[in-house]
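Peer 1: Now for the letters of each chain:
Number of protein chains: 2
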Amino acid sequence: METIQIVAIAASVIALLFAGFLTSVVLKKDSGSDRIRFIGDAIQKGAMAFLSREYRLLAIFVVVMAIILGVFVDFDILGRIGRETNDGVPGTAIAYLVGAFGSGLAGFIGMSIAVRANTRTTVQAMEGLDPALRVAFNSGAVMGLSVVGLALLGVTLMFVAFNNDASVVAGFGFGASSIALFARVGGGIYTKAADVGADLVGKLEQGIPEDDPRNPATVADNVGDNVGDVAGMGADLFESYVGSIIATVALAVVGSSTLGGSTEKLDLILFPLLVASIGIFSSIIGTFLVRTGEGASMGRLLWSLRTGIFSAGALVLIGTAALILSMDLDFKLFWVVLTGLLAGQLIGTASEYYTSYEYSPTKKLAEQSETGPATIMIGGLGLGMMSTVIPGVVVIVAMWLSYYFAGLYGVALAAVGMLSTLGITLATDAYGPVADNAGGIAEQAGLDPEVRERTDALDSLGNTTAATGKGFAIGSAVLTALALMAAYAQAVQIEVFNIMDIKVMMGLIIGAIMPFLFAALTMQAVGRAAYAMVQEVRRQFREIEGLLEGTADPDYARAVDISTTGAMKEMVLPGVIAVVVPVCVGIGLGAEALGGLLIGSIATGFLFAIMMANAGGAWDNAKKYIEAGHLGGKGSDQHSAAVVGDTVGDPFKDTSGPALNILLKLMSIVALVFGPLFVSI
Amino acid sequence: METIQIVAIAASVIALLFAGFLTSVVLKKDSGSDRIRFIGDAIQKGAMAFLSREYRLLAIFVVVMAIILGVFVDFDILGRIGRETNDGVPGTAIAYLVGAFGSGLAGFIGMSIAVRANTRTTVQAMEGLDPALRVAFNSGAVMGLSVVGLALLGVTLMFVAFNNDASVVAGFGFGASSIALFARVGGGIYTKAADVGADLVGKLEQGIPEDDPRNPATVADNVGDNVGDVAGMGADLFESYVGSIIATVALAVVGSSTLGGSTEKLDLILFPLLVASIGIFSSIIGTFLVRTGEGASMGRLLWSLRTGIFSAGALVLIGTAALILSMDLDFKLFWVVLTGLLAGQLIGTASEYYTSYEYSPTKKLAEQSETGPATIMIGGLGLGMMSTVIPGVVVIVAMWLSYYFAGLYGVALAAVGMLSTLGITLATDAYGPVADNAGGIAEQAGLDPEVRERTDALDSLGNTTAATGKGFAIGSAVLTALALMAAYAQAVQIEVFNIMDIKVMMGLIIGAIMPFLFAALTMQAVGRAAYAMVQEVRRQFREIEGLLEGTADPDYARAVDISTTGAMKEMVLPGVIAVVVPVCVGIGLGAEALGGLLIGSIATGFLFAIMMANAGGAWDNAKKYIEAGHLGGKGSDQHSAAVVGDTVGDPFKDTSGPALNILLKLMSIVALVFGPLFVSI
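Protein chains in written order, with our numbering: chain A, 1 to 681; chain B, 1 to 681.
Chain A extracted, bound-state conformation (with noise of 0.2 Å):
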């Protein structure tokens, strides 16, 4: 073993012991009232139930994979590999098993501290608003580190055992993949099918409140926060987080011709584990400095926040710089994780200035009200498709620097450079669901309007660094996709994808329907789920004597099996679809078609998750707007008008959008694992 292997190794054992230091602080904190606990018990059932039926599901799908892989990649029985690393060990389906269980056992660490913090965020809301940020920032980071820990741990054990080979530990991240599939995929339709639920039924045909506890359909809302915006985004990040170091280290070996000798080609294999091992120390360094004082505003909470992300981004370039200059590497590799990082930075940005009420496209959106719901939904549209430039513009301007500084290595190792520092970016994003919850359990015990006001400004907080963390993922999944493809290109030992090639063409445009086709299954998904939902929630409120006048309590865990069931039901299609269509594409096509169906996904799928992200985050947050007071506030007609912006944006930001990093980093690994079997077909 390297040394730098030994030090990733340890660097992940710190980050998952410093989880379970803050998961103990975490869970000491007092979780309230008999009546919150009930509710909290509710929530913490129904997300357990979500996720073992999720995973019993998943574990079919994944043993099923996991004999493919072991029959046609490993044990090579069409005899079309040939590889020289196999020795009778089925690596790439013992990697992919590994890399499926470590990304499920991640989420559901995320998930179980998650729903425990909410109760005991909602509790310290009644203290003040810093002990609360604190336990709601506490549980993100234990979500956040458990995700880079495994993930990186995972990764160099398997590099380490299959010897450097990244194209048996292309089936680690294949595993992962398989997860984040499910997870995002099925967390984006139950959490958007309870939410749609809820409020149509509710909201506008009830006329109760939001989060009120009369509603059969809350807690399943409450659930779904955690079991999309928490369990969905990690496994998300995880696949990005390990699906680029391995391309980065599939690369190493044109990354050293490229750079023309001066950096060995294992050190090269080794350098994204080292970045990596840095952004953990980085990120737990950054934690500490997440804090805020009582009566703080959004913009003070906000800060707070960065102060975290950005002296950990200064940390990692810190590290960098100087285990570059002492281990004596090609200071061109500094360079390139510099760009990296301020890519994701800026694409950010971009999303929290196109999806911010603070800035001009979601106030312009929001007077859009004043003329109706037509209107506001045309503007929001405009604005996401708009928005799509910045973010393509920086992530070319990314390519091309790392590339040149780099070559293909360097496209790779700017994914890994952006994610580095992915311990507390992650953090800050899984914190906004515990504070969301909270509000909602503050609501449902009936606490004081002061704790739920509290909760609110988490929670407000919470949708900024959600914009921001939703442009985070797909700037990352799209940098990791096209590190992939070049992996692939390199797997399958192909220099040219000849777009005049009538196949690679025809390839392309399969590729460029794959996000289309996907968005559309999803969206359906949504609305036949939340339509199962619509009509549990109207039985309960018909059959349930007093429930309305709130002397009965609904069927909680009825209304949560339903979106259960929907979303299980749902994923099924999609899922499939993705990993067969870049088969029989490789398979039928060949495998320059299977590149252009890649770089055709990864081009149009990139924009569609843009443009439905922020359309459907800046819908939201005009919505927001109105609610605080401005063109007539709550109850207008400029209010409802809104209202709908924000239900059509649900599914877009939530379900659809990022299900297209899905997507685009799955379909990559598919085709960098079975590659080898198209070739030359």
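Among the clues, some could well be false.
[Stated by the list, open to error] Okay, derived cross-link-like pairs now, SDA-like style, lysine to any residue, Cα gap no bigger than 25 Å in a straight line: (1) B:Lys-203 - A:Asp-328; (2) B:Lys-634 - A:Glu-370; (3) B:Lys-203 - A:Ser-636; (4) A:Lys-265 - A:Lys-203; (5) A:Lys-363 - B:Val-576; (6) B:Lys-634 - A:Ser-640; (7) A:Lys-569 - B:Val-389; (8) B:Lys-634 - A:Glu-205; (9) B:Lys-203 - A:Gly-588; (10) B:Lys-332 - A:Gly-588; (11) B:Lys-363 - B:Tyr-353; (12) A:Lys-203 - B:Val-389; (13) A:Lys-28 - A:Lys-203; (14) B:Lys-363 - A:His-639; (15) B:Lys-363 - A:Gly-588; (16) B:Lys-634 - B:Lys-332; (17) A:Lys-364 - B:Thr-565; (18) B:Lys-203 - B:Leu-573; (19) A:Lys-364 - B:Tyr-353; (20) A:Lys-634 - B:Glu-370; (21) A:Lys-364 - B:Arg-538; (22) B:Lys-364 - A:Ala-532.
For the record, the hints were derived by calculation from the structure and aren't laboratory data.
Since we're looking at a predicted model, the values are computed, not measured.
Got chain A; can you put chain B on it based on the hints?
Peer 2: Showing chain B alone in chain A's frame:
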């Protein structure tokens, strides 16, 4: 001059003569009472005012561009092209001017007849359905035959004048593209600004019916139908028609070697002209088959139009087969033409399936109005995304088949085949706005409800043919753009555009951004122009005494002027971007990157355009389905929800979506014309 060129010129002249004959038939009809003529005159003046201002603005653009072409391409002052055929004549610049003039003239003719046929259709509708259909359809046929006649005449004369040099004649296509850009974008902004402005104030604020004469924007709305759907659509397809022919000729050398010398290069150069000529004769024969009886059902009316189109298609196939056999050409060419024709019909039919309320997608969409505007929005967006799959697959299969038969030459020829019956396809399309106008005039002149019922039947049919026509326009635009891209590769003599080349990759992502940017700009332009219209209509209702009571006339001209000014101002930026970006990419990143840009924009723009056109069409018809008495009918909450969908769909289907067709083709032809300047920079 070759025999086939003489045939082509003869066919064009016959088309124009027949158009002249149909014009006289239409003009001989009674133009109605004073009131009808008053309204008709207002529409006519408004349309001509728009056209004259548009053409004056265009003239500046065209002259500047012609000078640029003359200096940099023809006289090649940078010394980068070294074209053999240049003997002191600025060929490209001349071809450009002729192309621009031809397209402009076709638009002028089509508009002139459309704004005269509308009143006459109203008058005939007092008699019965068949005479009204005849007038409206004949005026559409004038447009269709003028477009194909002028296009084929112009392109053939250019080939004769410039010795079949496609690189010079490409200037003709560029000229047509320039007009199409402004006609589609400007016309699209105009029509929707007027429509949305009229609806928002008239229907929603003042509660008066659509097309009510008291509404100041109602004439502008009628004008809009003509400038958007007649002139805009005509210019769009004029461009596709000549673009596909030019690309096919440019690829004749490649085709000759693909077909293994069984067919000579000159035959391949002349073959597209032959197919187009056969198409013209077939279209003329087809127009005679369009007629119907009184009390005909919707299905019967549609069938009547279909009979014309299908017969024309069959005649093209018979004619092509006969001539291939008699001239001893390779019979594979027949299969290519068949592929193109079938693909066009399939894409059109798929659009109809997704947007007509005869089929389940739109019916289901209408049902989603039961839960309010948000769910019908989500449903429509999902439907639009899903509806990209069939056209996408059709294009892929058509590409593959035509490539299989005749290589890249085949892909271009398939586009020619698809567009061969344009004379009649465009007639069924351009007839819609005339019927729509006729209904508006009947309403404003206070005619018998029976008249309005008849025009409504024709209009409703027009909506179906418009949806099919939009699908067809997009499909043909995509095939044409792909063909032009292949011609571009040929022109710059680059055989390999490698996706793994970082510059190609960058170009590809820039290309993918373009449709999003273009759609965003045009959507926002509609918003701004509609807002100006809303202000003006409100002002008139406020300031003109007795307007709402019907005792005073509104100032129609002022509203027309507002729309015109808005459209002029708003079309400049998207127009300039569409020309400047490919040139900048060519200069900055080189000819390979420009190829990447083209394929990136084609893949994304194609699907995005289909999505917008079909979502818009489905919303429109879901509203009509409810208005026909389903789901609560007019005035119900479901209807209000559907109106929101329709309003959002308007700029989707009539502005941004169609504008993308132009973007794809324009960027391809810019690349083809300027390409040689960018080689090996």
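Peer 1: For each hint, tell me whether it holds in the structure or not.
Peer 2: Hint check results:
The hinted pair formed by Lys-203 (chain B) and Asp-328 (chain A) fails the criterion: a straight-line CA distance of about 74 Å is larger than 25 Å. Under the criterion of a C-alpha separation no larger than 25 Å, the hint pairing Lys-634 (chain B) with Glu-370 (chain A) is consistent with the structure, at around 24 Å. A C-alpha spacing of about 21 Å is found between Lys-203 (chain B) and Ser-636 (chain A), which places the hinted pair at or below 25 Å, so the restraint holds. Taken as a hint, the Lys-265 (chain A) and Lys-203 (chain A) pair is broken in the structure, with Cα atoms around 60 Å apart against an allowance of 25 Å.
For the given pair, Lys-363 (chain A) sits about 28 Å from Val-576 (chain B) by alpha-carbon distance, which is inconsistent with the 25 Å threshold. For the proposed pair Lys-634 (chain B) and Ser-640 (chain A), the alpha carbon gap of about 21 Å is at most 25 Å, so the pair holds. Simply put, Lys-569 (chain A) and Val-389 (chain B) have alpha-carbon atoms about 22 Å apart, close enough for the 25 Å limit, and the pair holds. The suggested pairing of Lys-634 (chain B) with Glu-205 (chain A) holds, with an alpha-carbon distance near 22 Å, which does not exceed 25 Å.
Among the hinted pairs, Lys-203 (chain B) with Gly-588 (chain A) is inconsistent with the structure: their alpha-carbon atoms are about 55 Å apart, more than 25 Å. Restraint check for Lys-332 (chain B) and Gly-588 (chain A): the C-alpha separation of about 24 Å stays at or below 25 Å, so the hint holds. Of the pairs offered as hints, the one joining Lys-363 (chain B) and Tyr-353 (chain B) holds, with about 11 Å between alpha carbons and a cut-off of 25 Å not exceeded. Between Lys-203 (chain A) and Val-389 (chain B) the alpha-carbon distance is near 36 Å, which puts this suggested pair outside the 25 Å criterion.
The straight-line distance between the Cα atoms of Lys-28 (chain A) and Lys-203 (chain A) is roughly 36 Å, outside the 25 Å bound, and the hint therefore fails. Of the pairs offered as hints, the one joining Lys-363 (chain B) and His-639 (chain A) is violated, with about 29 Å between alpha carbons and a cut-off of 25 Å exceeded. Simply put, Lys-363 (chain B) and Gly-588 (chain A) have alpha-carbon atoms about 36 Å apart, too far for the 25 Å limit, and the pair is violated. Of the supplied pair hints, the one linking Lys-634 (chain B) and Lys-332 (chain B) is violated, its CA atoms being roughly 54 Å apart against a limit of 25 Å.
Taken as a hint, the Lys-364 (chain A) and Thr-565 (chain B) pair is honoured in the structure, with Cα atoms around 23 Å apart against an allowance of 25 Å. Under the criterion of a C-alpha separation no larger than 25 Å, the hint pairing Lys-203 (chain B) with Leu-573 (chain B) is inconsistent with the structure, at around 32 Å. Under the criterion of a C-alpha separation no larger than 25 Å, the hint pairing Lys-364 (chain A) with Tyr-353 (chain B) is inconsistent with the structure, at around 37 Å. As the CA atoms of Lys-634 (chain A) and Glu-370 (chain B) are separated by approximately 24 Å, the hinted pair is consistent with the 25 Å bound.
Pair hint Lys-364 (chain A) plus Arg-538 (chain B) holds up; C-alpha atoms about 21 Å apart against a cutoff of 25 Å. Using a Cα cut-off of 25 Å, the hinted pair Lys-364 (chain B) and Ala-532 (chain A) holds, with the two alpha carbons roughly 16 Å apart.
Of the numbered hints given earlier, the model fails hints 1, 4, 5, 9, 12, 13, 14, 15, 16, 18 and 19; all others are met.
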